[in-house]
Amino acid sequence: MNRRVRIAAAVGLAALVAGCAEDAPQDMFQPAGPNAQSIYDLSVPVFIIAGVIGVIVMVFIAIIVVKFRDRGQAIPDQVHGKPTLEIILTIIPALILIGVAIPTVGTIMALNDTSDTECVINVTGQQWWWEIDYPTQSGCGSGIDQPIITSGQMVIPIGTPVLVRGTSRDVIHSWWIPRLNGKRDMVPGRVHTNRIEADEPGIYAGQCTEFCGLSHANMRMEVIAMTPEDFEAWKLNQTKPYESPAEGTLAAKGEQTFISQCARCHQVNGLEDADGAPIVSRPDLSVYSGAAPNLTHLMTRNTFAGAAYNLLTPECRPKVWNAPSETVGAEYLKGVTPDCLNSVELREWLRNAPAKKPMYADPTKLEATDGLTRGMPNLALSEDQIDELVAYLLERH
Amino acid sequence: MAIIERPTDTPALAGAGAAVTPSSSYGNFRRPVQATGWKSWAFTVDHKKIGIMYGVVAMVFFFVGGIEALLIRAQLAQPNGTILSADKYNQMFTMHATTMVFLFVMPMAAAFANYMMPLQIGARDVAFPRLNALSLWLFVFGGIFINSSWILGGAADGGWFMYAPNSSVPFSPTNGVDFWTLGLLITGVASQVGAINLIVTALNMRAPGMKLMRMPIFTWMALVVQFLLLFSIPVITVALFLLMFQRNFGANFFSVEAGADPLLWQHLFWLFGHPEVYILVLPSFGIISEVLPTFSRKPLFGYPFVVFSGAAIGFVGFGVWAHHMFAAGLGPISVAVFSVATMAIAVPTGVKIINWTLTMWGGKLWFTTAMLFAIGLIVQFTIGGLSGVTHAVAPSDTQQTDTYYIVAHFHYVIFGGAVLGLFAGIYYWWPKVFGKMLSEKIGRWNFWLMIIGMNMTFGPMHILGLQGQPRRMYIWTGDRAGDGFFDLAFWNLVASIGSLVLGIGAFLFLVNVWVSRKNPPAPADPWDARSLEWLTTNPPKEHNFDRIPTVHTLDEFFHRKYEDVGEGDQHDYKQVATGAEVIELEEKYADAHIHLPSPSYWPMVLAISLPIIGYGVIFNTLLIVAGAAIAVLALFGWALEPPTADESEFDPPAPDGDQPSKELAVSV
Amino acid sequence: MSDATIAEPSDVEEIPAGYDDGQDHAGLPHHTSTGLSNTKLAMWLFLGSECLLFGGLISTYMLYRNRQADQIGPDQLWDIPFTSATSFVLLMSSLTMVMAVSAAKRKDEQRTKLWLTVTALLGGLFVAGQVYEFTTFYREGLGYTTSLFSSSFYTLTGFHGVHVAVGIIMLLSLVAMLAKGKLVGDNAETVEMIGLYWHFVDIVWILIFTLVYLIPA
Ligand code: HEA
Ligand code: HEA
Ligand code: CUA
Ligand SMILES: [Cu+2]
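Chains as they are written, first to last, in my numbering: chain A, 1 to 397; chain B, 1 to 668; chain C, 1 to 217.
Excised from the complex, chain A in its bound form (with noise of 0.2 Å):
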């Protein structure tokens, strides 16, 4: 490339990034990570080729346009064709095409090695969200020995290649971190992967990206990087055992109001009947797709329902977001304080979450899956119910 071309590429480049939303959180000209990065390094050079291409193509186009207008010039020679310069001008784009492809089988097989990673996380899509849970194994760190379920939040270590393994419950999900690599569709009935990496601790904002029905705009995850001490502090939390809400609470009525119209379908581990037997939910039950996110520690995720809304307030969020690398991982772990939870769409959730997230929990449209919902129903409940819920939720932590 002579040094001309090289200018005009950069400064085309430039009004690009120019146009470019500052921090947008999906942007996947951010790599964060090495599968990122690899991706990155190889879509760049193509921009530049097919930018430049498109400017060839446009000023030849400029140039023919005012040179050739009709000024009152003679009939122009018939000419029908100079097949060497054709074939010439066919050939050219071919080795362009060949210098691309070369890089890019490269970049699949590369991408597709995932013998090196050293963590294995699954991923299960259902609409609309993401069940997220750590199987028992030596990676992750220090290893895993009890299983750890979460929704919506994957907690990763750094540095760490990680084994995104994924299916769906459902219908076709698509999982995209885009800071840390490309899409990979979850498909129902087959497990497929997806490699991912962080350099550095941070929150990683994703989106389902396969349509899956209503609130497909509202499934979304996120990957919360953190140092492997962090990582360490985060799984010892999880696996913490269950504390019931001191007595007289709100809290305490609250857990027998959670066990009696919320249980059916989420699990909190620990949870016990008035016998002392181990309550688990039967989500299968009564959604269709089988599951219902596990609340164990909710409150140590900042964000519900498909990632989709926030559990902090307005004011705390970007205490969390927007911390920088170094303190990010601490932030997160505090987990939503009583002051900083946002109860507000908390409660609307709890009081009518088909009303808040489009879904087919709507009992006039349950005829074809047999009665069962999609997603979450509206439970009709209280006011008073739901101040009791939201002080037992605001416990799991």
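Rather than coming from a laboratory, the hints here were simulated on the basis of the structure.
All residues carry an ideal CB built from backbone N, CA and C; glycine is no exception.
One thing to keep in mind: the hints can contain errors.
[Unchecked claim] List of simulated lysine-lysine pairs, DSBU-like, C-alpha gap at most 35 Å: (1) A:Lys240 to A:Lys253; (2) A:Lys67 to B:Lys441; (3) C:Lys182 to B:Lys39; (4) B:Lys88 to A:Lys356; (5) B:Lys88 to A:Lys365; (6) A:Lys82 to B:Lys588; (7) C:Lys40 to C:Lys113; (8) A:Lys365 to A:Lys240; (9) B:Lys211 to B:Lys88; (10) B:Lys211 to C:Lys105; (11) B:Lys541 to C:Lys105; (12) B:Lys588 to B:Lys518; (13) B:Lys364 to B:Lys436; (14) B:Lys364 to B:Lys39; (15) C:Lys40 to B:Lys39; (16) C:Lys182 to C:Lys105; (17) A:Lys253 to A:Lys356; (18) B:Lys518 to B:Lys39; (19) B:Lys574 to B:Lys588; (20) A:Lys356 to A:Lys334; (21) C:Lys180 to C:Lys105; (22) B:Lys441 to B:Lys518; (23) A:Lys67 to B:Lys39; (24) B:Lys364 to A:Lys67; (25) A:Lys82 to B:Lys364; (26) C:Lys113 to B:Lys541; (27) A:Lys82 to B:Lys211; (28) B:Lys436 to A:Lys67; (29) C:Lys180 to C:Lys40; (30) B:Lys39 to C:Lys180; (31) C:Lys40 to B:Lys211.
[Said to hold, decoys possible] Examples of chain A residues toward chain B, derived with CB under 8 Å: (32) Ser43; (33) Ile48; (34) Ile64; (35) Asp70; (36) Gln78; (37) Met109; (38) Thr160; (39) Pro161; (40) Leu163.
Given the structure of chain A, go ahead and fit chains B and C with the ligands onto it with the hints provided.
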């Protein structure tokens, strides 16, 4: 009208005598041989009338799809839009795409192919005129059928590629998807029948001397498209049948519980879907390959290259479908193969771009509206094509897929390619078809507003997509729009405003038609054109050519007007005759006997039976029986009916001896 | 381009004898650019597209042939001798179709009708065999919705059966129209056309028979 005797002065049918007693009289159900009135349109088998009706109905659907697009953009102009509910929004983009692709671009291209192909090859009609009418009415009724879902419980909501299993009953409980499958099966039959018809026409009905390599390039591209249709429609037919059996008869092709693989649908759909995108764009490539030479006053540069690259695009187009599935989990080998194959398709397409620009190079460019649209196509399509190449790089595509960057790509190739080309064709051939010129002044506004509008609408979508805005989201939130003035909110708003500009631009076309309706008759050869369709009057007579032309060269019409008076390598073209003179000469030597096929009821009757069966599948089995009965009736009626009506079926000549009108009565 | 010409009458090449506008004129053979008649070309094209239709259906079947979970599968169902017999019947019908076509070419209307009728009868026998087979399968527990295998098996063979049935209807209509002298156009060609279709359906069956019945799952 069955038989036209020319150039005698005696009434055409006088031979039958005044005392006409229909030999096979069905009373009011006599063959609908009227030359005027609605029946002359409804039951016509004339490829030109059929072409016009195709075009008019397609245009109506363009505005339907456009209004759906405007509603989409209205919803997305602001974060958390409230104009459409999630449910309505999903129906809206599904139907927007379905309408635009299957009910606007494809039929509009069919309109041109129908109208122009016989004229361009010097034929009097297509090979099977009644089948042609069948195609038209299947398309019309199929389109109405799909759209009737709006008032019958909601339209399809699974997106235009209707991925399984999201299209199964539990996930899409309304009848929308049923309407969609059945409707597309019906329009599929239309395309299939049309494809066979037009292939036979192009291969078999060429005028003497019209060798394949002398065929006008539009005919060539239309021919390639018909082959693509011929081989891709059956594939989607299979997919649609499987889906219909799944939804309506309990089969479980896409039930994962039963062990089904959802990727089956994707393979079947895209094995159709990718050739489909070339089905959309190749006719427009053909159109501008006519327009550019005409207004550059030069032959198409590298005609054989353009022909073969078109065929190559069609051929390779069948081998790249999985580039729509780069994120679907195919495994690295397939991904690599399809990635490279997809890049390969840029080569023949590039050949076309290069040849078009070289056609203009050294020309004498006349910037009519048609020419502007053609040049617009080259520029806009190139942008879309190049973004296509960035998708072909599979790892990049895993970032880009299902974002607005893809939406930008395909609107640039579809709107900037297919649609601009169709408009070029409309402006170019309007005088041919309707015998009147459109206003060039309004045409210019039409063009520029559409160009500005499309770049304002679809340009920002590149930025939106690369910044991570996924497609098919009924709302987007401020949360993820980023900061700064040029955030995603800004670009979404620009796109929405752009769609209004685009809408106004498109609307100006209607204004133009309205304003130009009273224009004086167009001259015989308004553009100093080159190919055979201009070797007849504007609009053409019912029988197209007074005398079947004999073809000596590519660009036959041009060479009848201009002669090379240069010596040796020195070319010097002198006009030796005007277009009008050349046409007059043809009239003078008109053929004496011209046989044209007669109108028929049966195509329409047969066509209407299919939607009835469709409603039957959805609502009531009795309707299936009724529809099938009608179909059987129509098939037998059809088989027993001679292509040309008995002379006795015509009305006797009017008592005052007026000659029955033989000319095509064109009214808009 | 020096071959430019102005179409003065003297200059116009003689239009080849027999050339006309290629329309479907009752009964007249006509000139076409390729020499193939329009209807024949159309039938070939149609059959070309049918290949993809059956290709799609066969691929679906091949993908799902082993997916019957714990439901009844091919091994328990197939009765190869029986299906071989009906396949043989269908194969024979192709032969009789050939006879019909050659009779039609000889303008031997009697024989044409006879052979067409025989072909239709053989086709009918095949369809009857298929109906019998389906009912047996059904009684043995293979409903249309039982498993992926059953859905795709019935869909594939059902599509083929419908093609045969349509063929039979065409054959019988042809016989009736010949008898009444109502046939439009060139008789021999119409017979040949339906013959093409019939052979195609036959060949597809051979493929289906091999892939579905003979190659073990
Ligand atoms: C008219 C329709 C049309 C046309 C012509 C094209 C043309 C091309 N398309 Fe496009 N495409 C669509 C319509 C079309 N597409 C649609 C509708 C979708 C989305 C469907 C959906 O998901 O809803 C889609 C999606 C789509 C994808 C999938 C994206 C995804 O969903 O992840 C890909 C991936 O490879 C792709 C690639 C290409 C390529 C390589 C071409 C090439 O043919 C382009 C070739 C042209 C050029 C390259 C420009 C001119 C060439 C030169 C000037 C020569 C020099 C060039 C080089 C050396 C590079 N397209
Ligand atoms: C032939 C194909 C075609 C055409 C022509 C268009 C044309 C347009 N499309 Fe289309 N579009 C698709 C094919 C097409 N589209 C496909 C395949 C999809 C994917 C769907 C899916 O995901 O399933 C899609 C999706 C799609 C989306 C993404 C939706 C989503 O993912 O959520 C958007 C969003 O902006 C959009 C916008 C537009 C606009 C603004 C136009 C404009 O060009 C429309 C211009 C026309 C008019 C505006 C109408 C004319 C004028 C009037 C009605 C007069 C009155 C108006 C005024 C005076 C203002 N389209
Ligand atoms: Cu899940 Cu989209
Ligand atoms: Cu494609």
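The hints, checked one at a time:
no.: 1; hint: A:Lys240 to A:Lys253; result: holds (22 Å)
no.: 2; hint: A:Lys67 to B:Lys441; result: holds (23 Å)
no.: 3; hint: C:Lys182 to B:Lys39; result: holds (27 Å)
no.: 4; hint: B:Lys88 to A:Lys356; result: holds (16 Å)
no.: 5; hint: B:Lys88 to A:Lys365; result: holds (15 Å)
no.: 6; hint: A:Lys82 to B:Lys588; result: violated (39 Å)
no.: 7; hint: C:Lys40 to C:Lys113; result: holds (21 Å)
no.: 8; hint: A:Lys365 to A:Lys240; result: violated (40 Å)
no.: 9; hint: B:Lys211 to B:Lys88; result: violated (52 Å)
no.: 10; hint: B:Lys211 to C:Lys105; result: holds (31 Å)
no.: 11; hint: B:Lys541 to C:Lys105; result: violated (39 Å)
no.: 12; hint: B:Lys588 to B:Lys518; result: holds (30 Å)
no.: 13; hint: B:Lys364 to B:Lys436; result: holds (25 Å)
no.: 14; hint: B:Lys364 to B:Lys39; result: violated (46 Å)
no.: 15; hint: C:Lys40 to B:Lys39; result: holds (31 Å)
no.: 16; hint: C:Lys182 to C:Lys105; result: holds (18 Å)
no.: 17; hint: A:Lys253 to A:Lys356; result: holds (25 Å)
no.: 18; hint: B:Lys518 to B:Lys39; result: holds (25 Å)
no.: 19; hint: B:Lys574 to B:Lys588; result: holds (24 Å)
no.: 20; hint: A:Lys356 to A:Lys334; result: holds (27 Å)
no.: 21; hint: C:Lys180 to C:Lys105; result: holds (19 Å)
no.: 22; hint: B:Lys441 to B:Lys518; result: holds (16 Å)
no.: 23; hint: A:Lys67 to B:Lys39; result: violated (52 Å)
no.: 24; hint: B:Lys364 to A:Lys67; result: holds (9 Å)
no.: 25; hint: A:Lys82 to B:Lys364; result: holds (19 Å)
no.: 26; hint: C:Lys113 to B:Lys541; result: violated (43 Å)
no.: 27; hint: A:Lys82 to B:Lys211; result: holds (22 Å)
no.: 28; hint: B:Lys436 to A:Lys67; result: holds (31 Å)
no.: 29; hint: C:Lys180 to C:Lys40; result: holds (24 Å)
no.: 30; hint: B:Lys39 to C:Lys180; result: holds (31 Å)
no.: 31; hint: C:Lys40 to B:Lys211; result: holds (21 Å)
no.: 32; hint: Ser43; result: holds (4 Å)
no.: 33; hint: Ile48; result: violated (10 Å)
no.: 34; hint: Ile64; result: holds (5 Å)
no.: 35; hint: Asp70; result: holds (5 Å)
no.: 36; hint: Gln78; result: holds (5 Å)
no.: 37; hint: Met109; result: holds (6 Å)
no.: 38; hint: Thr160; result: violated (21 Å)
no.: 39; hint: Pro161; result: violated (17 Å)
no.: 40; hint: Leu163; result: violated (14 Å)
The structure shown violates the earlier hints numbered 6, 8, 9, 11, 14, 23, 26, 33, 38, 39, 40.
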